[in-house]
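The hints should help you fit chain B onto chain A, whose structure is shown.
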Amino acid sequence: MSTTTVESSAEASRTVPTQAPGRIRRRGDQSLAGSLVSHGILTVASLIALFPILWLVFLSLGPDKDDYLHPGGIWKKMTFGNYSFVLQHTAFFDWLKSSLIVSLGTTVIGVLIAATTGYAVSRMRFPGYRKFMWVLLVTQMFPVAVLMVPMYQMLSDLQLIDSYLGLVLVYCSTAVPYCAWLLKGYFDTIPFEIDEAGRVDGLTPFGTFARLILPLAKPGLAVAAFYSFLTAFGEVAFASTFMLSDTKYTFAVGLQSFVSEHDAQRNLMAATAVLIAIPVSVFFYLVQKNLVTGLTAGGTKG
Amino acid sequence: MTVAIDRATGKRHGDRAPRSGPGQRLKQSYQKHWYAYAMIAPVAIVLGVLVLYPLVYGVYLTLTDANSLNTARTIGVNHIDATYKFIGLDNYADILWGDTAYDRFWSHFIWTIVWTALCVALHYCIGLGLALLLNQKLRGRTLYRLILVLPWAVPTFVTVFGWRFMLADGGIINTALDALHLPSPAWLEDTFWQRFAAIMVNTWCGVPFMMVSLLGGLQSIDASLYEAAEMDGASAWQRFRYVTLPGLRSVSSTVVLLGIIWTFNQFAVIFLLFGNTAPDAQILVTWAYYLGFGQQPRDFAQSAAYGILLLAILIVFTSFYRRWLNRNDQQLAI
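The listed protein sequences derive, respectively, from chains A and B. Sequential numbering of the first sequence, starting at 1, is according to my numbering. Sequential numbering of the second sequence, starting at 1001, is according to my numbering.
Warning: the hint list may mix true and false statements.
Once the Cα atoms are required to be at most 25 Å apart in a straight line, the calculated DSS-like pairs of lysine-lysine come out as [said to hold, decoys possible]:
id, chain 1, residue 1, chain 2, residue 2
1, A, K65, A, K77
2, A, K131, B, K1032
3, A, K131, B, K1027
4, A, K76, A, K65
Heads up, incomplete: computed chain B residues facing chain A, CB under 7 Å, no partners named [claimed, not checked]:
id, residue
5, V1046
6, F1157
7, F1293
Simulated from the structure, these hints should not be mistaken for lab results. Owing to the predicted nature of the structure, the values given are computational and were not obtained by experimental measurement. Ideal Cβ placement from N, Cα and C applies to all residues, glycine included.
Next comes chain B alone, as it looks inside the complex:
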């Protein structure tokens, strides 16, 4: 008999019938769970065809020297067969400890880590600050909230263009800085200021999501906890430290993980802000794109290898993050 809801009847040790043979068990398992498998089949198939197969193919490409000159292609009516060959792990070795590994990989790697850490920290702190302000009884807070969500509402590719106007050499930001007799940096040319500008724009884009999520979290904290804390004479800081932060824990751990993944993979902001003009401000994702599609000849193998390395970094990080949460008795919502 199949049950639609079997989440309550989780396996418990000791109340199992004597083990039957493997064939029998397989059959029972099939009878019990075929509904579930039928229901996840569409997604499983799509993932297999659209994600798993390309991924395996991509891993294979990283073991070759494929580029746009030796892969199969059609020019006019002539079809040219692929001539790339298998070279094993050379691509990875070259990326990680080849001659110019520092310039190509490690410098971008360090910048990517710095970028992710700074952006997520800024997103979280500013978002939490604004959420706390909006969670008070305050005249016009709905209006504030609507305005503050705006950067999220406008598509990134639109806002980044807006920022490019503002950051351009004679743009409004430098004009304003000039008027205040402050130095006006070359935002889109100088490496340091490119990085600064990228973090600034990404922070501007990312704060609303954090703010709204944390606001939701704040509103779900039971008000009686605050009353009790106040009765005990807790100061505002103590109430924040011992009621608000623990109450936000599960939302925080989820949005911080999402934020880290999204920022680490943030393609649009840097790509649209600089195009190919800023080799030193590229994070690993945009750098991998540049290798595969931004130059001639296109280096497919190295680009794919970067992609696999990036994915590996994220998976390792997420596993550790999860384990760390579990150790602290927290569950990730996802």
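For reference, chain A alone in the conformation it holds in the complex:
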């Protein structure tokens, strides 16, 4: 850095008189203009983040399917009619059931299978370790197109198209390596001394894992569970190809069906979208802090 001591002390002596008496600016405190700019930018960004969602909520209150084209009229005829219609006369609850079965199924299987692996790759160095980690990483990059055709062929041979089990199996192909990955990051944060203590007390590696580490890793398991749940819940490509009957659609597919089947009933679509988005967003907010730590736990430590 080019600034010399002489210059900075000269600068300091120049700035001292301009400081208001009694007000010493500490690091992190900002000038008034600076904080106004920050607030300005953040407010604009918040509006951009909020607007599409609020707009969706607003449109969902308009009773007519073309209300989104002249939204001014909605103020006069606001109604919750769309919501009651969606809840009473559409397959909403069927879709809810499918979404929950598929997402929870994926979550449970994913976390159960991945836990021991996460532990093993966190604590043990075995021949083939690097290759195994590389495989886990590569499965994260699979474009949907890679497995879709062969999976479709296999599942139709097994008569598993249009079944919950089929979709769960498909999702496990991404959820399992994903969870293993995430859990490795979490296990890495648990001190190794605990394992050593367990070993000294005569536990086998399995015993150490089950009795000592697993109870400590509950938050990590929760993060992996949330992640696989949310991923399975929001997946579109496989769900729209592998689920054929109306009542087995997940939300991601069901929402699309409003466009084709019901002649673009956008008011109902908006209401359904809001009904889905609210619980999921609440759920997300409850866990979001942990989600980020879980995903970048290894990253921040380098």
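Chain B alone, transformed into the frame defined by chain A:
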């Protein structure tokens, strides 16, 4: 004797016992590591059955001319056997340098690269900017943070529908542009504006993840480094350049890689925004889906071949990225 924690006892040259015979070594290795193998077995089996087998089968399909008319299928009670045949590498040759290769593959390829580069750059820059703002002492920053995470919290398939309402011809965006006497583009019809809209929506969806990750990274930078820099008389820019950016390096390299992989494979945004109506705005992933499942007859072989090509591109890219990081003395968290 098996050790649960053998990460500290990494192999070192010179302190090895004299080599025993291969059978002996295999046995020793088995005794030492069978716990590890038993523990990774469930995942290894699942990956083998659910990923590796389909992948091999998919590679085989790319060497055939399979489509929905000649694969095995059941119509009513009649079972029709598969009649597709082996054609070698013709599919790849056709995709990469066939007659209409530019229109089908290379134009989508270029657009996919542009899409990935622009989206990730926007995600990263906007995310970093917001993270820096949120990392200051600022009234209400928790509230700002909660609001700014919202696009991530709402499932993509919901938000994309919201955007479709807004981008429609008489939707709010064009109404607003009209009111300002600005031209109102046909967002969902014109190729350029379709691409513009896709990038816009994807940026909106992807910024929160970057913002929150980078905010975490910023908070893990030691405050004393900033104090020291300030003592040395570093300007705000110098502090950013020499303290913040190096401090964020490992988080950055991880989230940028994740961002590139996710954006490259981003299916939902483009598929839900346009369906099959925008052949020129399709990136390779959605195009591969269209070939395999969006048209009749379904061209399974070409779709699978696209999938394999996509995977190859990503693997090659990631290997180079990793090597580049290693050369710069950085480790990827993943």
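Okay, the hints, checked on the actual structure:
no., hint, in the structure
1, A/K65 x A/K77, "13 Å, holds"
2, A/K131 x B/K1032, "19 Å, holds"
3, A/K131 x B/K1027, "21 Å, holds"
4, A/K76 x A/K65, "16 Å, holds"
5, V1046, "5 Å, holds"
6, F1157, "5 Å, holds"
7, F1293, "5 Å, holds"
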